[in-house]
Structure formats: structure tokens, C-alpha cells
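Visitor: Just so you know, the sequences run in chain order U and Z.
Sequential numbering from 3 applies to the first sequence in our numbering.
Sequential numbering from 3 applies to the second sequence in our numbering.
Treat the hints as calculated values from the structure; they're not laboratory data.
Among the clues, some could well be false.
Unchecked claim - Only pairs whose alpha carbons sit at most 25 Å apart, straight line, appear in this in silico SDA-like list of lysine to any residue:
(1) U:Lys175 to Z:Glu224
(2) Z:Lys175 to U:Arg281
(3) U:Lys86 to U:Asp97
There are 2 protein chains.
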Amino acid sequence: MILGIDIGGTTTKLGLVQNGQVIARSRLSTTGHADDRAFADALAHEAIELATSAGQQITAIGIGAPNANQLTGIIEMAPNLPWKHDVPMARMMADRLHVPAVLGNDANAAALGEWRFGAGHGIDDLLVVTLGTGVGSGFIVNGRLVLGSAGNAGELGHMILVPGGRACTCGRKGCLEAYVSIRGMLATYAEAASDSTQATGAPADVKTIADRANEGDKAAVECFRRTTEWLAIGLANAVCATGPRRIVLFGGIARNGELLMAPLRERFHATLLNIYQGRVDLTVSALPDDDAALLGAAALGTLG
Amino acid sequence: MILGIDIGGTTTKLGLVQNGQVIARSRLSTTGHADDRAFADALAHEAIELATSAGQQITAIGIGAPNANQLTGIIEMAPNLPWKHDVPMARMMADRLHVPAVLGNDANAAALGEWRFGAGHGIDDLLVVTLGTGVGSGFIVNGRLVLGSAGNAGELGHMILVPGGRACTCGRKGCLEAYVSIRGMLATYAEAASDSTQATGAPADVKTIADRANEGDKAAVECFRRTTEWLAIGLANAVCATGPRRIVLFGGIARNGELLMAPLRERFHATLLNIYQGRVDLTVSALPDDDAALLGAAALGTLG
Chain U
3 MILGIDIGGT TTKLGLVQNG QVIARSRLST TGHADDRAFA DALAHEAIEL
53 ATSAGQQITA IGIGAPNANQ LTGIIEMAPN LPWKHDVPMA RMMADRLHVP
103 AVLGNDANAA ALGEWRFGAG HGIDDLLVVT LGTGVGSGFI VNGRLVLGSA
153 GNAGELGHMI LVPGGRACTC GRKGCLEAYV SIRGMLATYA EAASDSTQAT
203 GAPADVKTIA DRANEGDKAA VECFRRTTEW LAIGLANAVC ATGPRRIVLF
253 GGIARNGELL MAPLRERFHA TLLNIYQGRV DLTVSALPDD DAALLGAAAL
303 GTLG
Chain Z
3 MILGIDIGGT TTKLGLVQNG QVIARSRLST TGHADDRAFA DALAHEAIEL
53 ATSAGQQITA IGIGAPNANQ LTGIIEMAPN LPWKHDVPMA RMMADRLHVP
103 AVLGNDANAA ALGEWRFGAG HGIDDLLVVT LGTGVGSGFI VNGRLVLGSA
153 GNAGELGHMI LVPGGRACTC GRKGCLEAYV SIRGMLATYA EAASDSTQAT
203 GAPADVKTIA DRANEGDKAA VECFRRTTEW LAIGLANAVC ATGPRRIVLF
253 GGIARNGELL MAPLRERFHA TLLNIYQGRV DLTVSALPDD DAALLGAAAL
303 GTLG
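With the sequences and hints as input, model every part of the structure.
Guide: Here it is as C-alpha cells:
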């Protein structure tokens with residue numbers, strides 16, 4: 003019985019996972035604790051409550067978090083979490099619950115979750131790309147997650163797509179993430195709207211852009227077209243690195259169904275280098291939205 | 003005693019390799035044979051002569067060739083070799099010499115050679131980039147060469163660097179190889195010269211550009227500056243995929259010493275994503291020029 007923990011900026015979710023199913027779940031606030039130790043205490047308390055009420059024994063813990071380094075078990079100065087210093091979360095939870103704990107970054111957790119339980123099941127050369135606030139990725143090669151020498155491999159969102167292009171949150175210019183993330187799509191909508199004679203006002207989120215695109219709003223349609231074009235290049239470039247058999251898209255933007263996927267498949271296959279044609283397929287997450295991050299975290303736990 | 007074979011467009015080199023040293027070598031023409039079987043017969047004959055004259059027994063064969071697929075042992079329709087069809091070269095040589103044979107593409111052979119015997123020795127997360135007629139690459143992750151699901155991973159030269167940019171030999175636009183290969187540098191020189199008031203005529207090769215740069219020719223200096231900038235982005239992007247500890251540059255363009263490497267190191271470290279800063283170093287091949295390809299091919303042979 004593996005405990006999956008998904009630490010997000012506002013909420014931390016817990017789930018007991020057995021055979022790829024979340025059989026019991028719970029949550030607590032990530033914020034409002036005195037410090038990282040107080041948070042870990044509250045998290046351990048919640049985990050014990052969860053296991054007790056489910057009549058289960060936890061045998062391993064998997065924790066997904068932003069800025070997590072799997073090699074060290076440390077959350078490294080995460081800008082979107084309450085603790086700006088290094089937090090050795092794997093050890094802190096292992097000490098409190100007396101079972102092995104593996105920490106990994108949330109994109110790698112998503113990759114392992116899809117590989118173990120989802121749309122990448124059994125595909126030993128796999129790329130999982132998370133599309134949301136940022137663009138994350140997890141590369142699986144020869145049946146193993148690629149961590150890189152320092153534990154931080156798989157930053158597809160920070161491959162430079164347009165030299166000298168849009169400012170990125172990383173401080174550089176032209177990263178894929180500056181174009182195809184939520185923030186990127188809002189910026190693209192604004193650019194497309196300024197080229198258009200229609201004036202519908204700035205959308206607040208990607209869902210609004212999608213709704214407008216479905217209603218025929220020209221700027222929204224153009225926003226999806228440009229996003230699709232950029233993402234196709236980014237994915238085709240990633241294929242040139244590790245030659246995956248399949249790419250799985252995960253996260254909010256990927257949930258726009260065929261509005262995104264139909265043109266994306268077309269552009270991706272048109273952009274792909276000839277030697278990979280017919281050898282890579284592109285699909286979306288097969289995990290239930292609410293459980294995907296927990297299943298990914300639990301998949302990390304199986305590595306312990 | 004491993005026999006390394008490096009099949010090039012005009013010449014095929016053979017070498018007996020022991021403890022990372024080429025102890026005897028030979029060569030034959032790649033062209034002028036009736037067909038692929040006649041070439042394999044001549045190659046096997048040459049190998050037996052070489053081993054006999056050195057008083058050695060061949061125990062394994064490693065073969066590096068363009069367009070070689072390591073998973074299948076087949077040279078797949080190589081545009082720069084005399085045979086335009088698929089050639090099962092690994093099996094053909096194993097049958098003729100009665101020892102195991104491993105075929106791999108020349109960039110992967112270079113990567114294995116640097117990893118086993120050269121500037122990447124002992125570095126289990128390594129990227130080797132070959133800079134010459136084309137831009138090839140071999141990614142080593144967790145101490146294993148990344149082949150990809152179809153045996154053709156590691157095409158760094160065909161990551162798109164400039165969307166909609168220069169035409170590439172692959173039929174697409176804007177690939178790294180269209181900018182930093184020999185052909186790319188000649189094109190860049192022409193562009194830089196047309197922006198300049200100097201008129202020194204089109205250079206025939208990269209060595210001429212390097213000589214002119216050392217003499218202060220503005221177009222040549224600008225050509226190296228732009229090449230360096232593009233290559234820095236390409237390498238920084240590759241780091242985002244697999245997070246290597248070291249990058250080794252290999253091949254003709256990499257032999258321009260500090261004319262290339264000094265500004266390239268500066269631009270690479272300036273371009274690298276913050277989380278990789280100080281965690282990746284950049285160096286050039288440590289293998290002797292004449293033997294590098296043979297040692298790489300021999301390193302393939304050790305996988306058999």
C-alpha cells in the first residue's frame with residue numbers, strides 16, 4: 003500500500019494507492035504552517051489518520067513536488083511553495099512514518115504515473131509533457147526515468163524555441179514555456195487580438211480562450227493555431243534527443259481535447275524529422291484528472 | 003582484441019584496438035566494389051590480413067557508419083555511401099569473420115569512444131556532439147547509450163533552432179545543422195561578407211574561415227561569432243533534455259581550438275538554464291584525430 007503525496011502551491015493531496023487505483027484520499031493546506039517541520043508534522047498526522055481510517059498499513063511513500071530533486075530528496079528553493087530554502091522532504095517523511103520515501107519533481111511523477119498506470123503503460127521509451135502554469139517534462143529511456151547527473155534533467159519547457167524571443171520566467175528569452183504555457187497562451191491571445199479587428203477583451207484563462215475558439219472568435223482560433231505550431235516544434239525537437247515511441251500530454255492545456263490535439267497531431271507529424279515518421283505517436287493522459295498527480299507520486303514511491 | 007571499422011563515404015578504415023590503443027591499422031576504398039557483398043568480402047579479407055600480420059586473433063567487431071541502426075544492425079539507405087538500399091552490415095561481417103559484430107552510427111561510435119577512452123571517460127551522463135559535414139550526437143544516460151525506440155535517437159543537428167529559418171538537407175527549415183555544420187558556416191560567412199565592406203571571396207572550407215578570422219577578416223570573425231551563438235543555444239537546449247555532466251565536441255569544426263572554444267564556453271554558460279549552471283562542462287575530444295573514429299567503432303564492439 004503506497005501513500006502518494008502531491009504537494010502543490012496551495013493544497014497538498016494524499017492518496018492510498020493499490021494496483022493503480024486511489025482507494026482513499028485526503029488533503030491539507032500547504033500554507034499556514036509555522037515552518038517546513040510543522041508542515042511535515044501535519045502531513046504525517048494526516049497520513050496516519052488516512053491509513054487508520056482505511057484500515058491499511060503504509061509500506062512506502064512517493065512525493066511529487068515542484069523543484070524537487072530526486073537524487074537528493076530535497077525540494078530546492080521552490081518559488082511557488084511557502085519555504086524558500088532547501089527542504090529535505092523525503093527524509094522528513096521517512097523519519098515520521100518509518101517507511102521508505104522517494105521525492106520527485108511533479109513532471110517526473112506525471113511521467114512515471116503515465117508509464118505505470120496510464121497512456122504510456124509498457125512504453126519503455128516515453129516522453130510525458132505537462133502543459134499548465136509551466137511546461138514540464140519527464141523522459142523515460144530504456145525503462146528508466148532520466149534524472150541527469152544533477153537530478154534535474156527534463157526541462158523541455160526551457161528549450162529555447164525562438165532565439166531572442168519572449169521573456170521567460172527563467173530570466174532568458176524565447177523558451178518554449180514562454181509560448182505554450184497558460185501565461186504564454188494569454189500573451190499569444192493578446193498578440194492575435196491586436197492583429198484582429200474584433201475586440202472581445204482579454205480572457206482570464208485558457209478555458210475562456212477555448213470557449214471563444216469554439217464560438218469562432220478569430221483571435222482565439224489564431225491563438226490555438228500559433229500554440230499548436232510552437233508546441234509541434236518543441237515536441238519534434240524533443241524526439242531528436244531521446245527518440246521516444248510515444249509522447250503523452252498531461253495537464254490543464256492538454257484537456258482541451260481535439261481543439262488542441264487534432265491540429266497538433268497534424269503539425270507534429272508535419273514537423274517531425276523524416277526518420278521518426280510513423281515511429282512516434284502523440285496522445286493525452288489516460289489518468290483521471292483528479293487522481294493523476296497522486297498516481298504519479300505513488301509511482302515514485304515504488305522506486306524506493 | 004577488437005577490430006574497429008569506420009566506414010566513410012570514400013574510405014573505410016580498420017584498426018585493431020587493445021586497451022584503448024590502435025595497435026595496427028589498415029584501410030580500403032569504400033567505393034569501386036561491385037555491390038555491398040563484394041565490399042564486405044574485401045573488408046573481411048583486409049581484416050584477416052591485418053590480424054594475421056599483427057599476429058592477433060579478432061574476438062569482436064565494432065563498425066561505425068553513417069545511417070547505421072544499432073538495433074537492427076542495418077545501414078539504412080545511406081545517402082553518402084555507394085549502396086542506396088538497406089545493408090545488414092553487422093550480420094555480413096559476423097558471418098564472414100565468425101565473431102560477434104555490432105554496428106552503430108558514427109556519432110554514437112564517437113560518443114562511446116569518448117566515454118570509454120577519451121574526454122568523457124567515466125562520465126555516465128554525457129553528450130558527445132560531432133561537428134563536421136553534419137551535426138551528429140550521442141547521448142549517454144545512466145551509463146548507457148540512448149538508442150531510442152527505433153534505434154535512431156540523438157539527432158541534435160535536426161533540432162529546429164530557427165523556426166522558418168535556413169533550408170536544411172533534411173527537407174525542413176531552421177535545423178541546428180543548417181547553421182553550425184561546414185555548409186552552415188560557409189553560408190554564414192557569405193551572409194556576413196555581404197553585410198561587410200571587405201571583399202575577400204568565398205572561402206572553400208572552415209579552415210580558410212578560421213585562418214581569415216585569425217588574420218582579422220571581419221566576415222570570418224562574425225561567422226565564428228554567429229556560429230558560436232547558435233551552437234551555444236543548441237547545446238543549452240540539449241542539456242534541458244538529458245542533463246549531462248559533460249559535453250564533448252568532436253570532429254573538424256571542433257578542432258579550431260580556442261578560436262571556437264573560448265567564446266563558445268562563454269556563450270554556452272551565459273545561455274544555460276540557471277539550474278544547470280556550474281553543473282555541465284564543455285570540452286573537446288581527447289582522442290587522437292586519426293584514431294578517434296576507430297576507437298569509437300571498437301567501443302561499439304565491446305557491446306556485442
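Visitor: Take a quick look at whether Lys175 (chain Z) and Arg281 (chain U) sit within 25 Å of each other, Cα to Cα.
Guide: holds (21 Å)
Visitor: Regarding the pair Lys175 (chain U) and Glu224 (chain Z), is the alpha-carbon distance no greater than 25 Å?
Guide: holds (22 Å)
Visitor: Quickly compare the C-alpha distance for Lys86 (chain U) and Asp97 (chain U) to 25 Å and report which way the hint goes.
Guide: holds (22 Å)
Of the numbered hints listed earlier, not one is contradicted by the structure.
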